[in-house]
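> Protein chains in written order, with our numbering: chain A, 125 to 440; chain B, 748 to 1002; chain C, 22 to 456.
In short, the hints are calculated from the structure, not lab data.
One or more of the hints may lead you astray.
Some but not every residue of chain C turned toward chain A, in silico, with C-beta under 8 Å [claimed, not checked]:
1) R146
2) E161
3) I332
Ideal Cβ placement from N, Cα and C applies to all residues, glycine included.
One letter stands for each residue in the lines below.
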Amino acid sequence: MLELVIFSTLNGVLYGMLLFLLASGLTLIFSMMGVLNFAHASFYMLGAYFGFQLSQWLDFWVALFVAPVCVGLVGAAVERWGLRTVHKWGHVPELLFTFGLAFVVEELVQMVWGKLPVDYRVPALLDFHAFELFGTTYPAFRMFMLLISVAIFLVLLMILTRSRIGLIIQAALTHPNMVAMLGHNVPKVFMMVFGFGSGLAGLAGVIAGPALVTQPSMAHVLGPILFVVVVFGGLGSLPGAFIASLLIGLIQTFAIAINYSLGDALSAIGMARPMQGVLSDLWQVTVAQVGPVVPYLMLVLILIFRPTGLMGTREN
Amino acid sequence: MTALGLHDVHKSFGITPIIRGVSLEVGKGERHAIIGPNGAGKSTLFHLISGRFPLTEGSIRLNGEDITGLKPYQINRRGLSRSFQVTNIFPKMTVFENVRCGVLWHLGYRYSFWHNTRKLKDANDRAMAILQQIGLADRAQLPASFLTYAEQRALEIGITIAGGAEVVMLDEPTAGMSRSETAHFVSLIRKVTEGRTLVMVEHDMGVVFDLADRISVLVYGQIIASDTPANIRNSKAVQEAYLGQALESHGEAEH
Amino acid sequence: MSDATMTAARGNPALDLLRRYGIWVIAAAVMIVLPKIFTSGAALTTMCLMGIMIVFSLAYNMLLGQTGMLSFGHAVYYGLGGFLAVHAMNTIAAGKLAIPLPVVPLAGGAMGLIFGFIFGAVSTRRAGTVFAMISLGLGELIASLSLILRGFFGGEEGITANRTKMLTLWGVRFGPQIEVYYLIAAWCFACMIAMYAFTCTPLGRMCNAVRDNPERAEFVGYSTQMVRFITFCISGFFAGVAGGLAAINFELMNAVNISGAQSGVVLLMAYIGGIGHFVGPILGAVLVVLLQVFLSDLTGAWMLYFGLIFITMVMFAPGGMAGLIMLHLPLWRRGTLLQIVPSYAVMLVPVLMGLAGLVTLIETSHHQLVKAATDGPAMKLFGIAYNSNSLLPWIVALALMGGGLYLGKLWGPRMADAYSDAAHGQDSNKREAGK
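Same shape as in the complex, but just chain A (with noise of 0.2 Å):
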């Protein structure tokens, strides 16, 4: 049990940092742009497959500097003659615009480079274990991830709270209108949030890439549940994000880990599972069945008993 949880938990954290790194890319785009990226996890498996050609092609260590560069420019490129475009018509559009967008990245990723999974292995650098408790290895990989995770959000954490540029966001972030009268070339800097962001979302696809699958169908299995973690946390809120990261990645890894259903629980305490109706299949369900829907029950009910989000201060 203590394994469980010891592992559970390193995953569970390892997961919710690198939600995080896809959360505050998308959070800062929301709150300086007022655009809701749909396609945000479409650049996070773009950075994955760019990682994935880029270690094929020359070595992981270069695609880890070098893709999230790329996905970046792809980025601010989609920004300046796409967004921009769309701009003018307002944000139901700007919405749409993305979600459009996402649609053709897959469709763009599946032709490149099939619709299976591709074998985007972890470098023999670091192909090696961690350590090892009560005879379950931890591979070096992960120990890996979790580093530049942590490493980005401490990055990220001093430019918000000791540049001049982390200011101006910062001001951004509660006075939404006030980029605009700051006298910047505002398409300017749209165009470096937008990159910027992307590039966050392709450094996450670059070292989630060999660790967890990489196929077609990543964006929009990761999709909706980074705008659970970004409602969740509140439309805006930087820290909130980060909570909602933790908690989603932490709930997430333990629902997996645990493998009992209602009907379990049931009988532990001596009760009959009931077998008939409709329903009777919530019995039989595991904890582990139910992990991918617990985000989804988490939005729905946090945004009964507090619309605004967890940290959120913005009514829309």
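Position chains B and C against the provided structure of chain A, taking the given hints into account.
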């Protein structure tokens, strides 16, 4: 008989107090103007009364009923209707429909999805009558966004009075208008608020002294005087706080 | 829209009747005659699908186009309606329930209404982006649940039914597809009328008011939340009816019908057709079903084209097809429509060039990346045979695209001039009206 009563109303945004204890009584059928320098909190006061912002403290009564903390639509249903300082209409709908939107609830059609609006004679007639009153009858079928600024301001008033509210609140109805338009508007406002209670915020002192039965002067979130126009004009305190400078600039504007 | 007809109503009563109901008579006639013209089995199946999707996308547009609510999870109500209808059909077949097949879609509608009520109560408390996110979350929730609750949803395989084992009504067994077609057409027609009528009701008009200016709507006595909520329920009902029709048509419901992908498709249909006009979603449903059927036969990359069409629409024609058509209504009224045809004809050259280039690029890439490994590099496009791994087709494709883009940019302003010339009367009308 009091139509609208404010009792010790406070409003703070964060730690900044904007309205600092306003008490005010507006009698039935009275035309009441609220004046004061920029940033005194006039529009905020309007937002508080109409339910757009919640109060921090105090209470508001409409025809003797407590309306504190009610939603805008609940207050509107109880007979208080307001216009906005920045034109706030339904730009994509026709002028006629804009006014009819203001009529529907108050004729009892509510959320009906079983009436055909084309056949609602009472609603359509009333909307048309109001368009006649505000002089937009010949614009009825145009999209509201096609109207000129002054016409949109008139439409704004049309929507506001359409429901037949007893208490009508107008937020700077003549802002941004030429002098001839303003004169036209004063008579329009007088006409459409006949027999109703009017509360208005206005910067144009000509309009204020022309229309109002009583005037309240709001300075830094407090009412420093509430009296007849003549007494307000002669009040020393008001002169010092605000009016002297406002009348002067009004005078300058006339030259 | 409704009031333009109101003023027009003061002429000849017969003419007025024709004007008001003529379009419906034509629609009914078209629906009756179509299967006589396109008699093949494939055409019939396609038209059945169109009928279902018209109902679904019109229901969807009650939210997006009329009330300004962007939903990413409307397949929930379509799917639940469909699943209930399948179960209802099986119950009837087992002899436990005595209702005829044509009424089954109503069961689907009831299911959509009930869940619209439950989920609407949660999600319509918020508007805008947050509403969109909640709808996405609820959609994913139900889609995930559909794989877990096997009893009701049948897991991956879904649930099947047999529509011919029902009570017969006037001897119609709904075995042949043509009988199903007329059942769907009748429901589709009735739903179209009902949903159009909805736009003319006080609630329907206030939907537009809430969409355009929610704040002002609150100050004329309407709770925007209540307007959204009731509309959501009604939209759920019609989506459920569409699901019920789908259940009858396919005799199968599975997890795909309730998934996010299905929600995405209905959004695409409504938007491509044009969310600003009542006919938009109808056009969109017809076009998208056609694309689905024919494009998927023509090319393996059809989903990509689909996405690109959608993005192009969002970027350059946010009014959709209906919006583009309406843009020419003033020209038609003025009788200047023919005047711009030459200008459009010239524009066709760069457009076709660019399209040919793009298609060549996509098809050659698709062949090279997906098919070349098994089928070899030889391929055929526009009747021309070539090798996908030679350089020439790529150069041609890029040249065509570049040329099309360049010429298009050259002619674009001229075309815009021609348009405003033809529509000039509209401008001066506006100026007159402004006085």
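> Hints first: check each against the structure and report whether it holds.
Going down the list of hints, with the structure as the test:
Interface restraint check: C:R146 against chain A, minimum CB-CB distance 6 Å, threshold 8 Å, status holds. Checking C:E161 against chain A: minimum C-beta separation of about 5 Å stays under 8 Å; hint holds. Restraint check, C:I332 versus chain A: the minimum CB separation of about 4 Å is within 8 Å; hint holds.
Hint violations for this structure: none, all hints satisfied.
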